[in-house]
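Heads up: the sequence lines are chains A and B, in that order.
Mapping of the first sequence onto UniProt numbering: position 181 corresponds to residue 181, and the numbering continues sequentially without gaps.
Mapping of the second sequence onto UniProt numbering: position 587 corresponds to residue 587, and the numbering continues sequentially without gaps.
Treat the hints with care, as some may be off.
All copies of an identical chain are treated as equivalent in the list; a pair is satisfied when it fits inside any one copy or across any two copies.
The calculated DSS-like cross-link candidates involving lysine-lysine, where the alpha carbons are at most 27 Å apart (straight line), are [stated by the list, open to error]:
hint, residue 1, residue 2
1, K248, K548
2, K647, K230
3, K277, K83
4, K222, K373
No lab work stands behind these hints, which were simulated from the structure alone.
Just so you know, these numbers come straight off a predicted model, no measurement behind them.
2 protein chains.
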Amino acid sequence: MNILNGRERVIISGVTPQIEGGRFPAKRAIGESLTVAADIFTDGHDEIAASILLKQTDQQHWTEFPMVFLVNDRWQVTLPLEKTGLHEFQVIGWIDHFTSWKKGLVKKYDANQDVSVELQIGSDMLSHALTLADEQTKNNIEHWIEQIGLAPDIESAISIALGNEIAAVMRSLREKDLISKSPDIYKIEVERKKAGFSTWYELFPRSASTEPGRHGNFQDVKKLLPGIAKMGFDTLYFPPIHPIGEQKRKGKNNSLTPDDEDPGSPWAIGNRLGGHKAIHPELGTIEDFVELVDAAKDMNIEIAMDIAYQCAPDHPYVKEHPQWFKWRPDGTVQYAENPPKKYEDILPFNFETEDWPNLWRELKSVIDYWIEKGVRIFRIDNPHTKSFAFWEWMIGEVRQKYPEVIFLAEAFTRPRVMEKLAKSGFNQSYSYFTWRNSKWEFEQYLTELTKTDLQYYFRPNFWPNTPDILPHHLVEGGENAHIMRLILAATMSSNYGLYGPVYEYGVNTPHPGKEEYTDNEKYEIKHWNWERYSRTREIITLVNHIRKENPALQTTWNIDFTQTNNDQVICYSKTDAETSNSLIIAVNLDAFNTQGAHIRVPLERFGMPYDSSYTVKDMLSGEKYHWQGEYNFIQLNPYDMPAHIFKIEKTNQN
Amino acid sequence: MNILNGRERVIISGVTPQIEGGRFPAKRAIGESLTVAADIFTDGHDEIAASILLKQTDQQHWTEFPMVFLVNDRWQVTLPLEKTGLHEFQVIGWIDHFTSWKKGLVKKYDANQDVSVELQIGSDMLSHALTLADEQTKNNIEHWIEQIGLAPDIESAISIALGNEIAAVMRSLREKDLISKSPDIYKIEVERKKAGFSTWYELFPRSASTEPGRHGNFQDVKKLLPGIAKMGFDTLYFPPIHPIGEQKRKGKNNSLTPDDEDPGSPWAIGNRLGGHKAIHPELGTIEDFVELVDAAKDMNIEIAMDIAYQCAPDHPYVKEHPQWFKWRPDGTVQYAENPPKKYEDILPFNFETEDWPNLWRELKSVIDYWIEKGVRIFRIDNPHTKSFAFWEWMIGEVRQKYPEVIFLAEAFTRPRVMEKLAKSGFNQSYSYFTWRNSKWEFEQYLTELTKTDLQYYFRPNFWPNTPDILPHHLVEGGENAHIMRLILAATMSSNYGLYGPVYEYGVNTPHPGKEEYTDNEKYEIKHWNWERYSRTREIITLVNHIRKENPALQTTWNIDFTQTNNDQVICYSKTDAETSNSLIIAVNLDAFNTQGAHIRVPLERFGMPYDSSYTVKDMLSGEKYHWQGEYNFIQLNPYDMPAHIFKIEKTNQN
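All chains should be modelled from the sequences, with the hints used to inform the complete structure.
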C-alpha cells in the first residue's frame, strides 16, 4: 500500500488561479486584488476548514490566510500582494472536528437531547489539544476545561465552548498529519503598478526635429517631453534606435529601390557601426540617450525601447556568429520570408542552432545592456517568430534580478500563440482591440479577456493605431472615430497607447489596398508642427487626466457591460471597491450620427437600492445629472463628444 | 542555464481529455470512440506535425497515431480502444521542415520565382535524412535524390519531391531530439462494454416468494429470472444479502419499536451469524447464491451486489476490530447521525483510525470474496460517507486484477462530491435524473453530462425510482408518468435501471411528508403476483428491445437536443456513425394531456440535405411516416404512448 497517509480526508481541487496546473504564474500588479478559490470538501458531514499559505518564492516563511466558504463546496480568500516578484501559494484543508462537535452540540441541545456525553467529548478534545499546545496556550485550555467542568448548568457550559478564543486556538492546534494539501504549489508574479496601469505614446525620434530637412535626435525629443507629459502619457516608446542596415535597405513606401538619402526602416537593425547595443549616430550618443531617459523620468515618463531580435544583412552578428543564421546552399543567409513574400532586408535568427545557449545569452545581454542604461520597459517586436522557450527563460532571468522590468509582446497573431507568449512571461500584450468594432464584438472580447482565465495571465494593451496598422474605421470615421477609439481604449483597458502625432492630427490616408499608412514613417523622416491645435489632443489630455484621478480606470479586470437599447451605444461600469470609485461609461460607436439610448445603471454593483436618487457627473463635459432608478436616457453627438464618463456621486438621502 | 534542449520549438498544451492534469484517467467503454485533442503550434511560419503515442500501462510498446489539424491550432485524432484496462498516452509534436520546404517550393514556383536553390535545399534535407535511416530506407532516399538531380525539368523535380512515399519516410525520420512532448502522460481507463451499456432491475430477494407469509430466497429469485430476462434487463441488483443486525433493529416504516417478526433493514449489516462475507440464512446458502449467479449468467443477466460499508451494532467487526469505530466517553460506539437525526442501527467505520491500512485491506477483501463467488458488478451504498482516498486505492487495486469489474456509486449529493467519486474510479454513478422534470432542466443537465469534461469521467446511470426515492412526479402522474420517465431514462442514458416490481405496478403511495414509499420494502417483506398484466411492463420490454437493436442507444455521449415549439415536448437525436443508426426521440412531458409540436429533424447530423425526403419509423408503434425537410409535426397522447422513438430510414432518391 504505497499511500502515505490514508487518514487525510479533505479533497482540494479546482484551484484558481492556476495556469496549466501551476506551470506558469498568474500575474497581478501591486494595487490589484487577487482572489484565490478552490473546491474543498470531505466525505460525510464533518465541518472543514481551509487556508492559503503564501510566500515569496525566494523566502522561507509561509503566511496563512484563512479561506471562507462561498457556495457549492467553493472556498475563497482575497490575498494582499504587497511586494513585487514571484510568489507561491498552496491550499490546505482539514477536518474541523471541534466545529463539527460544536454544531452537533447546539443542534442536539435545541432538539432537547441529552448532551452530557457531548460535553465530555468536547472536554476530551480540549484535553487532546493540550498535547499540541505551547505553555501559554496550555494554561488557557486547562482553564476552559475547568470552566466547562464547573459550569453551573448546560447552557453555561455550552456558551463557554462556543467562545471565539477557543475556536481560534483549536483552529491553530489542528493535527498536522491530517492536513490535506493542494496537488501543486501555484505561482503568482507580482508586478509593479505600472504593469497594470500605463499610458503609452509612440513616436519616431528621427521625426522629432521641428526643422525641416534635419534628422531628429534625442535632444529634439527632450524638447517634446513637456508636451507629452501635458497630454498625460507616462510611457514614451521609440521604434528601434540602432544603426540601420545599409544592405538591401528599403526606400519610401517599402520600395526595393531606395534613394541614397532614404533612411531605411529602423527595424532593419545593424550595420558596420554596430547592432543591438549601438545607437544610430544621427539620433545622438549613448550619453544623449541616458540624459533623455533621466529627463523623462523627471516628468514621470519612462522611455520604452523596441527590441527586434533580427538583423540587417550587414549586422555585425552575421560575420561574428554565422552559426546563428540559416545558410542556403548558394552561400547566402536565409532572409525572412512568408512565401512567396520576401523580406530581404531582415535576417532572422535560427533558434534551432546547435549554438542556442550562446545565442540566448547574447540576446539577453541586449536587455541587460539597456537596463544598465536606465531602461525598464521593453516592447518586443514580433515575439511570435522566436522560440517560446527562449522568452520564458529570458524574461524569467531578467525579472528575477529586476522584477520592475516590463515586457510588452507585439504579437498580432492567433489566439493560442498570443496566450502562450503571455504565459511565458510577457507582462503586457498587444490585443485584438484594434479590429473590434461593434458593441457585440467589444462585449465578447472584453468578457473573454476579463472573465476567463485570461484575466490571470494575459494583460492587454489597447492600441487604436500603430505604425503598421491604420484600421479602416479610422480612415472612414476621421477625427470623430479617432476620438471615439481613444476613449474606448483608455476606459476599457488600464493599459493603452497610441502612435502619434499622426493620431492627434488625424492623418489617415491608407496605402492603397493595405491596412497601413501611406508614406509610412517607417521608411521616411517626418516633420510635425507640434504646436498646432488638435481637438483630438485636447480630449486625449482630458481622458488621461480622468484616468489618473479615478482608480476604477487603473485596472482592466473590473469592467462589466450593462444593457442599452441601442446597438450603437455601448455602456459599461468600472468600480474600485476600496475607494468606492464607481463609473459608468457610455460611448457612441457611430462616428457620424447622434445616438440616444436608455442605459441601465447597475446600481447593485454600486451597493445602491434600485429606487436610489443619485447624481452622475460627466467628467468629460463637467455636467451633472440627477438620476433616479436603473434606467436613464442619454444622447451623444459624435461631433461634440462621443462619450460620457460618468462618476456616480451617491447622495445620503436614499 | 538549466534547460535541457532549447531547440525544441513546438508547444503542446490544452490536451483533452485530461482529468486534473492527468492525475485521474478518462474513461471509455469498449465500442465507444475517444477523440484526443490538443493545442499544438510553434513560433513563426514553419509547418508542424503531431502524433499520439498510446500504450497499455502495463506494457512497453507505444503505438503512434498521427493527429490531424482541426482549426485554430487544435489538432486531434480518434483513438481505437480495443482492450480493457488502464492505458496511457502522450502527445508529441515537431517542426516538419520537409513539408515547410515543399509548401514554400510550390508557392515560389507558382509565383515564377527561381527555385533552383530550393531544390538543392530539398536534396540536402534528403541527404541529411540518410544519416537517420536504415539500409532499406537509405536505398529509397538515395534513389529519390538521384531522380530529383536527374529530372529533365523543374516540374518533374517538384513532382518527385511532392510524392507521398517521400513524405511518409521524412515524417518517420524526424529528428528525435527536436520532438516536443506534452507536459504529462495522460491516462485512459478502458472498460468492458457493459460499463457503458447496461439495463438494471432492482428487487429484494426476500420479497421473491410467491407464497404469502414465506421469506423469499435465492431459489425463488431463480424462478423470476426468465421474466426479468424477457423484460430485457441484463443486470439484476439486490440490496444487501447479509445477516441483518438484531440490535436496534428498525420496524415497519422505519419504526424504532419493531415487532419480533420484523425483518429489519438489509442495510443494517451483520449479526452473530456474520457480516459482509456472510449470507442471511433465510435467503439461502453461499452455494445457492453461486448457483443463482450462474443461472442468471445463462440468461445473460449479471447479479449486482450492494456493498454498504457500515455495521449493525452486533456486526462481528465491532468486537473483533473495535479500533475501526469511534467510541464515546460513555463506552458506546458512535452511531451514524446528522444531528439532530440519529441512525442508531448503523455504526459507521472511522476512516481516521490509526489502523486504516488494516481497515482498507479488510474492506477490499469483501469485494475480493464476492468476485471469487462470480460477482463482477458492485453497487456501492453511500460512498460519499467514506474517504475518497480509500475508493481510489480499492477500486484501482481491484480493477488492476479484474478490469471487468464495474462499480456503481450510489451517491445523491453535491456536484463536486459526485464528480470526485467518479474521478476516484467509479465506473457508473447515480445521477440527478430522478429530479429533473422540465425540458429546460433535461437539456441543461444532459448537456452538462455529455458536452463538458464530465463526459470523460462521470458516467451516469438514470433511475426513475429507488427504494429510497419515490419522486413527486411518479406520485402525481401515475402510470403515464412511470412510462414517460422510463422512456426518458432508457433513451437519454445508455445505463439505466429501475426498482421493481413497484414500478411496473405503479405502486406510488408516499410516506406522508416524505419523498419515499410508504410501507417501504426496506423494512418489510412483500409478496407480488408477478403474473399480473402491466402496461408499464409491456412498454419496458419494448423499450429494452429497442435499446438492444439500436447502437445509437448504447452510449450516452451522443445525445443532441433539437428544437420543438412546445415546452411540453422534448426532442433529441442519437446517432451511431459506424452503423449509420440515426434516431429521433420525442417525449411528451405532460402526463395528462395530448401535446403536439413541430420538431426540427437535425438532418445535418444524419448527413442528409435540408430538402430530403425520408421515412421515419416509430419503433414503439411500428408506424412509418414519410417526411420532408427539417420541420415536422408530431402529436403524443400520454394515455396511448407518451413518446416516439423514430429511426431514420434514408431513401436513395434524395
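Comparing the hints with the structure gives:
1. K248 <-> K548: This pair counts as neither: shortest intra-copy Cα distance 45 Å, inter-copy 73 Å.
2. K647 <-> K230: The answer is within: 23 Å in one copy meets 27 Å, while 74 Å across copies does not.
3. K277 <-> K83: neither (31 Å within a copy, 61 Å between copies)
4. K222 <-> K373: within (17 Å within a copy, 90 Å between copies)
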